[in-house]
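Peer 1: Quick mapping for you: the protein sequence lines, in order, are chains A and B.
So in this note's numbering, the last one in the first sequence is 90, and the numbering has no gaps at all.
So in this note's numbering, the last one in the second sequence is 273, and the numbering has no gaps at all.
If you are wondering where the hints come from, they were derived from the structure by calculation, not from laboratory data.
Note that the structure is a prediction, hence the values are computed from the model and not measured.
Cβ coordinates follow ideal geometry from the N, Cα and C atoms, glycine included.
Honestly, I wouldn't trust all of these hints.
Here are the simulated distance ranges between beta carbons [unchecked claim]:
{"id": "1", "chain 1": "A", "residue 1": "GLY81", "chain 2": "B", "residue 2": "LEU237", "range": "26 to 34 angstroms"}
{"id": "2", "chain 1": "A", "residue 1": "GLY87", "chain 2": "B", "residue 2": "LEU220", "range": "21 to 29 angstroms"}
{"id": "3", "chain 1": "A", "residue 1": "VAL78", "chain 2": "B", "residue 2": "LEU110", "range": "22 to 30 angstroms"}
{"id": "4", "chain 1": "A", "residue 1": "GLY81", "chain 2": "B", "residue 2": "THR146", "range": "26 to 34 angstroms"}
Heads up, simulated DSS-like pairs for lysine-lysine below, C-alpha to C-alpha not over 30 angstroms straight-line [said to hold, decoys possible]:
{"id": "5", "chain 1": "B", "residue 1": "LYS176", "chain 2": "A", "residue 2": "LYS8"}
{"id": "6", "chain 1": "A", "residue 1": "LYS8", "chain 2": "B", "residue 2": "LYS195"}
{"id": "7", "chain 1": "B", "residue 1": "LYS176", "chain 2": "B", "residue 2": "LYS195"}
{"id": "8", "chain 1": "B", "residue 1": "LYS195", "chain 2": "B", "residue 2": "LYS242"}
{"id": "9", "chain 1": "B", "residue 1": "LYS176", "chain 2": "B", "residue 2": "LYS242"}
{"id": "10", "chain 1": "B", "residue 1": "LYS242", "chain 2": "A", "residue 2": "LYS8"}
Derived coverage of chain B by chain A (criterion: at least 3 residues anywhere in the stretch with Cβ under 8 angstroms from a Cβ of chain A; other residues may be distant) [to be verified]:
{"id": "11", "region": "99-106"}
{"id": "12", "region": "261-267"}
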Amino acid sequence: MKTDTLSKAWIWLIALSGGSAVVAVFVEQGMDRRIAGSVILALALLKSRTILSRYLGLSEAPSWRRGFNMVLTFYCVVLLGLYLIGGSVS
Amino acid sequence: MNEQPSLLDELPGELMIWVLIISELLVFGAGLAAFLAVRLTDPIGFAEAQDHLHRTGAALNTIVLVTSGFLAAKALHWREVAQRAKARFALISAAALGVVFLIIKGMEYADKAALGIGPETNAFFTFYYLLTGFHAAHVVAGIVILLLVTWKDDPRNIETGAQFWHMVDLVWVILFPVVYLLG
């Protein structure tokens, strides 16, 4: 894995983590929790895909990357479904 | 006759580390899904309990682990281009950030204990301690592994150690939003 790719992945992960923190602050200020929950889970999915692809090296194994991404996306949709069914508390 | 490489051959690193990674993801995945499923029975109680968590500390821990993972990945890169000293320094730094993660986590646990909150307080905190405690145990194991591969710094060892550490990182980036942010 090229060192540039690793650095870019790190910056991307920090940016996504910052995004989650910003959404959490917006929630404190009254943002709709259903929207916030969806965005937070989407950001978590992007982070996990980046770690799998760039740090765990699946970018060099496209079939495995596709499989992992598919399962992870499905899993996050299940988590989101459970969260939304449970209702968000204002 | 040339034999076609199997799909398993495409996986980077050792097959067994991937068996471990998938197993761990399934265990944590089931735990987090169970957490949200139990939340269905008491969403208000879960939201109130979640407000006792230190979100800033946990967000800081995300930065700490992500940076630590980056250093572990850099260590492998440096070892592969025969920069052993840099690789060792990166591995030790990654392990040190793991210790920082545990210190922040320990402060969070101490804060909860001071408030009289424990695993038996309610269902939320049972899951909270179970999931974050199990993850913290993996961080401890990861620190030991990182130090071990700093000592035995064969590239394959470093790759396996770094992959374990990335798995710990991967679990945290899902665990953090579910336990700390989805109120």
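Peer 1: Run every hint past the structure and note whether it holds.
Peer 2: Right, here's what the structure says about each hint:
{"no.": "1", "hint": "A:GLY81 <-> B:LEU237: 26 to 34 angstroms", "in the structure": "41 angstroms, violated"}
{"no.": "2", "hint": "A:GLY87 <-> B:LEU220: 21 to 29 angstroms", "in the structure": "24 angstroms, holds"}
{"no.": "3", "hint": "A:VAL78 <-> B:LEU110: 22 to 30 angstroms", "in the structure": "23 angstroms, holds"}
{"no.": "4", "hint": "A:GLY81 <-> B:THR146: 26 to 34 angstroms", "in the structure": "29 angstroms, holds"}
{"no.": "5", "hint": "B:LYS176 <-> A:LYS8", "in the structure": "20 angstroms, holds"}
{"no.": "6", "hint": "A:LYS8 <-> B:LYS195", "in the structure": "28 angstroms, holds"}
{"no.": "7", "hint": "B:LYS176 <-> B:LYS195", "in the structure": "29 angstroms, holds"}
{"no.": "8", "hint": "B:LYS195 <-> B:LYS242", "in the structure": "29 angstroms, holds"}
{"no.": "9", "hint": "B:LYS176 <-> B:LYS242", "in the structure": "15 angstroms, holds"}
{"no.": "10", "hint": "B:LYS242 <-> A:LYS8", "in the structure": "29 angstroms, holds"}
{"no.": "11", "hint": "99-106", "in the structure": "holds (count 4)"}
{"no.": "12", "hint": "261-267", "in the structure": "holds (count 4)"}
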